[in-house]
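K.L.:
Given next are the chains, with one letter for each unit.
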Amino acid sequence: MSAAVMRVDAVRKRFGGLVAVNDVSFTLGAGEVLGVVGPNGAGKSTLFDLVSGVRRPDAGTVHVGERDISGLPAHRVARVGLARTFQKLRPLAGLSVTDNVMVGAYCQTRRKARARSIAAECVEAVGLTHKANEDADRLSTGQRKRLEVARALATGPRILLLDEITAGVDPSGVPLLIELIHKLARMDLSIVVIEHRMRVILDVSHRLLAMHLGTVIAEGDPATVMRDPTVIERYLGRSYVDS
Amino acid sequence: MIANSWSRHGPRVAALLVGAAALTILVTAPGMGGYLMTVVITAVLFAYLAQCWNIVGGYAGRFSFGHAAFFGVGAYTTGVLGQHGVNPWLGLLVGAAFAALLGAALAVVSFRFGVRGPYFALSTLALAETLRVVFTNWEFVGAARGVMVDFSPGSSLAAFQFDSRLPYLYLILGLAAAVTALVAALDRHRVGLYLRALREDETVAASLGVDCQRYATYASALSAALTAVGGAFYTQWLLFIEAPTVYGVEISVAMVIPVLLGGVGTVWGPLLGSLALAPIQEGARALFRDRPGADLVVYGIVIAVVIIYLPRGIMGLFTPRPKVDQPPVAPVTPPVPVGAAR
Amino acid sequence: MLYAQSIVSGLLIGGVYGLIAVGLSTVFGVMKIINFAHGTIMMVGMFVVYYAWRALGVTPYVSLLFVVPLLFLFGVAVQLVLVERVIDAPPDQQLILTMGLSLFLLGGAQLLWGADFRTVDVPYGNAAFDLAGVSVSVPRLVAFVAAGALAGGLFWLLRRTDLGRSIRAVAEQPDAAAAVGINLPWTRALTFGIATGCVGVAGTLLTPFYYVTPQVGEPFTLIAFVVVALGGLGNPAGAFVGGLLVGAIEGLGGALLPGSTKQLLIFIVFLLVLVVRPQGLFGRRVAL
Amino acid sequence: MSVRYRRRAVPLAIGLVTVLALAACGGEAGDSSDASPDEIEIGSIGPFTGPNAALGEQWRNGVTLAVEEINAAGGIKSLGGAKLKVLEGDHTGKPEVGASQTERVVQDGAVAVLGALESGVTLVSSQVTERQGVPYIVPLSSSTEVTSRGFKRLFRIIEGSDAGARTAASQLKELTAEHGLSAQRIAVIHEDSTFGTSIGTNTEKALKEQGLNVVTRMPYNAESADLTPEVSKLKAMNPDILVMSSYYNDAALILRAMQQLDFNVNAIFGVRVGPFTDPKFHQQMGAVSDYVFNSDVGMDEVSERGKAISATYQKRFDRPLAVLALYPYVSVYVLADALERAGSTDKEKLTEALRATSITDMPLAAGAIKFDDAGNNTGGLSVLSQAVGGKLSVVFPAEYAVAEPTLPVPAWKQR
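Residue numbers (this note's numbering), protein chains in the order written: chain V, -2 to 240; chain W, 136 to 477; chain B, 2 to 289; chain A, -7 to 407.
It should be emphasised that the hints constitute simulated quantities derived from the structure, not laboratory data.
It should be emphasised that the depicted structure is a prediction, and the values quoted were computed from it without experimental measurement.
Each residue gets a CB set at the ideal place from its N, CA and C atoms; glycine is no exception.
Warning: the hint list may mix true and false statements.
As the list claims (entries may be wrong) - Just so you have them, the derived chain B footprint on chain A, three or more residues with Cβ under 8 Å:
| hint | stretch |
| --- | --- |
| 1 | 143 to 157 |
| 2 | 250 to 260 |
As the list claims (entries may be wrong) - The following label-pair restraints were derived from C-beta to C-beta distances:
| hint | chain 1 | residue 1 | chain 2 | residue 2 | range |
| --- | --- | --- | --- | --- | --- |
| 3 | W | GLY252 | V | ASN130 | 25 to 31 Å |
| 4 | B | ALA5 | V | ALA56 | 48 to 54 Å |
| 5 | W | GLY252 | V | GLY38 | 54 to 60 Å |
| 6 | W | GLY252 | V | ALA56 | 28 to 34 Å |
| 7 | A | GLU170 | W | GLN218 | 41 to 47 Å |
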C-alpha cells in the first residue's frame, strides 16, 4: 500500500454531554476503499462531517496529503480535493440534474463550457444521462443517490466520502451501486464508505473500521474485523444476517 | 417529451411578452397622459425594485421582508446630501454604497449567527422598522418632517430633475432593463448557479466548493445597492420623502408581491408579476372609486386565486413541470444550524 | 414607581400580545405558515363584538361566547378553502396567500362597515385600582388574566388531549401522522381554527379600551411577528412569554427612551436574541 | 400535456397585452373644457383607504355634502347653473399614488383639486397641479412646508402649524392668566408623524416665545397599543399644563391613562387634536374627555348656518360633524365662490378669483377667508373650544364664545 492520502488524528466532537466522535484516528491509502461500520449513533456521519468541514472538530487533526485541513470550512475542503455525499438525500431541488452537478464542476474550472462537459461526464459516469435535464427532485431514491455521487465526483476529488449510498434503495438497485463504487475505485480515487448492508461493505472495502459510541473498536481487513468478538458483540450480534 | 420543448421556450415567450410590454410603453410614452405616465412610472419602479429583491430573495433564497431599509437609505442619502448641495447622482452612488454596506453586514451577521428562513425575514423587517424609528426621530435627516428636495425648474439630466414626467419614465425603464439584463446574465453565470445552490441547501453547496457566505454577501450587497438606486430615483421623482413612507412595511411588501406572483428566482417572473398586478390594482381602484375598500377586496381575491392556481407563480405557466411518474420523496432538510457548525 | 408602573402596564398589554402571538405561533408550528392575516382576522372579531354591543347591547365579555366559535369556524373555513390548497407550496407562496386574505378582509370591512372610529363604551372600560402605588386598569387586567388562562388551556389541550397529540404529531411528522391515520387536512383546519379563536379572544378583550377600525389589526400583526420570533417560531409557550417580554420592554422603553423610540428597544432586543439564539429564546426544541 | 399549458398560457399572454394596450389608449380620454359646461369637475384627493381611511371618510362626507348643497341651490349661476361633479382620487396614504391620482383628476378635467389630508402627500400631489397650472386647495394639511415653496396656485384654508401654534400659545397664556392658573411647567406631547411633530415643535417654540416654561416635548407613536408608560413618565415630571397633538386612538389612550393614573393637571390643552373637536369622540369617551381644551379651527356655533350644517350632516351621514369634514366642506364652498366670481373654468381666471377670495358667510369661527401671497388663509385663526358634559363649545375668543371656559379643571376623582 502506498503512502496515505488522508490521515485523521484523534478527532473529537462533543454535542453537549454526548461525545459523538471520541479520538478517532485512521489513515486512508491511495486507491484504497475503507469501509466504516457501526450501529446507528456510532458517530459515523459525524465523523464525515468533521472530515469534510461541515462541522469543526473540538480536537484532533485531519491531513490531506501533507496539508492540515482540520477546521477548514467545507467549501475549502472541497477545493482541496475531498468530496462527500450525504446520508439524508439532499438534492438541490430547484435545479436540474446537470445544474446540480455543475455546481461541483465549477471547483475545477471557472469556464462554463468546461464545467458543462465535466458535468456531462459525471452524469454519464453514474448513468443518469437520460435524466440530465430533469429537476433533481423528480428522481427516484436510487437515482438521487447516484446524483449525489455525480455531484461529488464533479468537484474533481482525490478522496470521496460515501455516506450510506445504498440506504433506502430497493434491493434490486443495490448491485448497480456496488458496481458504481468499484468503478469509482478504478478511477484512482481513495474512498471511505459508510454502509449498513454487509453484502455491500464486504464486496467493496479493502479495509474496515468499526465504530461504536464514537470510538473505533476494531480496524483491519474486512474478514478479520468481522470476526472480532467485540464487533460481533457490540454490533453484529444477533443480526449478523445480511440485511 | 413535448412539454420539455414548451418549457424550454417558455422563458422566451415570457421574455417576448415583457419585451413587447416595454416596447409598448416606450413607443406610446410621448403620447401618454400625465395620469397613465405616473402610473406606469410607479409600476416600472416597483418592477425594478421587485427585480432587485429577486436577486437576494429569489436567487439566493434569503426572503427579505425589510428591503424598504435599503430603499430608504438610498432615498434619504440622496435627499439629505442634496439639501447640502451634493449632486443627486453622487448622492445616489453614496446611497448605494451605504446600502451595499448595510446589505453586506446583514448577510454576514445573519450567516455568522445562522439566522435563516422566517427568522431572517423577521430580522430584516426589524431592521427596516428600526431605521424607520431612528429616521423619524433623527433631527439631522429632518426627523418627522421628512426631506423636501428643492425643485429647480429646467430639465437637466445632470441635476436629476426634469420638468416633464417623460424623462423619469425613460430613466426608470432604463434602470429596469439594466437590472433585468444583470439578472439574466447572473442566471446563466456560475455565480447565479451558486446562489441557487445555496438557496436550496447551504451545507450541500459548501460541500461542493461554494463559499456560501461570500456569495450570499455579494448577492445581498448587490441587491441592497440596486434597491437604494430605486430609492434615490423615488426622491428625485417625487421631491419629498418621509420615514414612515420610505421605510414602511408597505414598500417592502410591494417589492415582494410581484416576485412571488410572477415566479421566484426567475429572470422574467418579477416583471410578469408587475405587469399583471399594476393594471389589476389600478383598474380595481378606478372601477370601485365610489366604494372605498372594494378595490382591496378584488386585489386580495386576485392574489389568492393566482397563488392557488399557479403555485409557482405566473412563470409556472411558461415552464410547466410534467407530472411525475412516482411521487417524489419529500426532501428532507433538517434544520441544521449552520452557524453552529462554524 | 415610574418603572414599576411602566412594567406593569407593559406586562398587561403584553398578555394580549402574547395571546395574539400564541395563535400565530401555533399555526406556524403546524403548517409552517406565517399568517399575515392574523391581525386582520382579529379586526373582524372586534367588529362582531362592536355590533353585538351596539345592536343588541351585549357586553364584550359576554360576546366571547359567540365571537370565539365564530372566528374558530372562520379559521377552519380559511384553512380548508384556501390554505389547504397551497399546503405543499413553498412557504413564501403561502405567506402571500395570507396577505391576499388580509387585503380582502380589510377592504371588505371598510366596504361593509366604513372606516370611521368606533368604541364599545362600557362602564368598566376606564375602571382601575391601586396596587401599592401602581395603578392597574381593570379591563387590561381581565385581558391579561384571560390571555394567561387561555394560553394555559391551549398548552393543556396540546399536551393532554388526543386532539393536541394529533396536532403535535402533524407538526412534527406529518407523513408519520398520516400513516397512523390522522386526518391531516382536518387537524390543520382545527389548528387554524384554534389560532383564530385565540385571536378572537384577544380582539374581544381589547374592545373595552381600544378603538375598532378596519385598520386596527395590522400593527398587532407586526408586533406578533416579533413576539413569535422572540419566543421561537412554532412554540406557543414561548410566544406567550415573548408577548409578556415585548410588552414589558415596550413599557420600559416608553418610560426610559427619548422621543418615540420605544420600539427601538424591542427591535434591539429582538436582533440580539436572534444573534445569541437564532432559534428564538425558547427555541424549537420544545415546539408545541 | 403541453397543449393544456399552452391553452392556459396564450390567453393569459394575450390578456396581459390587451390590458396594457387598453390602458395605454385609456389615457387619452377627456380633457375638454367647453365655454359653458353643464358640469364642472373638481378633484378630491384623500386617503379613502389605507391607514388614515377613517379620516378620509369624513373628508369624503364633507365634500359630498357641500357639492350636494351647492348643486341643489342651482349650481354655479355665472356658468349657467353648471353643477359640480367630484372626481375622487384615493391616494391610500402613499405619495406616489397621490401624484398619479392627482394627474388623473386633472387629466379628466378637474378645474381645481382639493387635497390631500396628510401633509406628505399634499406636498407631492400639489406639485402636479402647480406644474399643470391648476389651482390646489388645501383644506387640512397644516405642515409649514406646504405653503413655503413659493407655489402660485396653492390655497390653504387651515391655518399653518406655525401660525396655529402661535395662536394656541397666546390663547394658553391669556386663558391661564385670566383664571389665575399656574402655567409654570408645561409638558408638550405629540404623535410622531409629520402632523403631530409639526404642531408639537412649533407649539413648543411658540410657548417659549411667550415666556412660558416647557418642561418637556415628548413625541410618541400613535400606533402604540398602550401609552400608559409615556403618561406615567409625564406624570413624574409633574407638569401643570399638558399640551397635546394627537389622532383618535392615541388621544383616547392618553386620556384614559391619565384618568387611570389619577394624573391631574390644571388644563389639558389640545392643539389641533381632531378628535377633541369631534362630537362623536366626546360621545364615545364620556366623562374621560370632559374639560379638554382644543385650539383648532372651529365651527361658528352661534350662527344659524353652523347649526343647520351640523343638523344636515348628522342626518345625512348618521354622525356628528367634525373639523375633518367641515374643512373640506368649506373648501368646496370657497371653490364654488371663486367659480361664481370668475364666471369661467379657465385655470388662470379661477386662480385669480381664488386669490381675491373674501368670504365671511362660512360657519367658521375665524373671520373672513382671505389668502395671502403664499396661499395661507389670513382669516383662518384657531379658536379654543372645550367639552363639558360631552358637549363641545367654543370658549375663546369672546366673539365666538358660546360658553365660559370651565377652569380650573376638576380632578379626576371629583368627576
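K.L.:
Against this structure, judge whether each hint is valid.
P.N.:
Taking the hints in turn, this is what the structure says about them:
1. Residues of the stretch 143 to 157 of chain A with a Cβ under 8 Å from some Cβ of chain B number 0, which does not satisfy the need for three, so the listed coverage is violated.
2. Look at the stretch 250 to 260 of chain A against chain B: 4 of its residues bring a Cβ nearer than 8 Å to a Cβ of that chain, three or more, so the hint holds.
3. Between GLY252/W and ASN130/V the beta carbon distance is about 29 Å. The supplied range of 25 to 31 Å therefore holds.
4. For ALA5/B and ALA56/V, the Cβ-Cβ distance of about 50 Å falls inside the hinted range of 48 to 54 Å, so the restraint holds.
5. The hinted range of 54 to 60 Å is not satisfied by GLY252/W and GLY38/V, whose Cβ atoms lie roughly 28 Å apart.
6. The supplied range of 28 to 34 Å is met by GLY252/W and ALA56/V, whose beta-carbon atoms lie about 32 Å from each other.
7. Taking the beta carbon of each, GLU170/A and GLN218/W are about 44 Å apart, inside 41 to 47 Å as hinted.
Checked against the numbered hints given earlier, the structure breaks hints 1 and 5 and satisfies all the rest.
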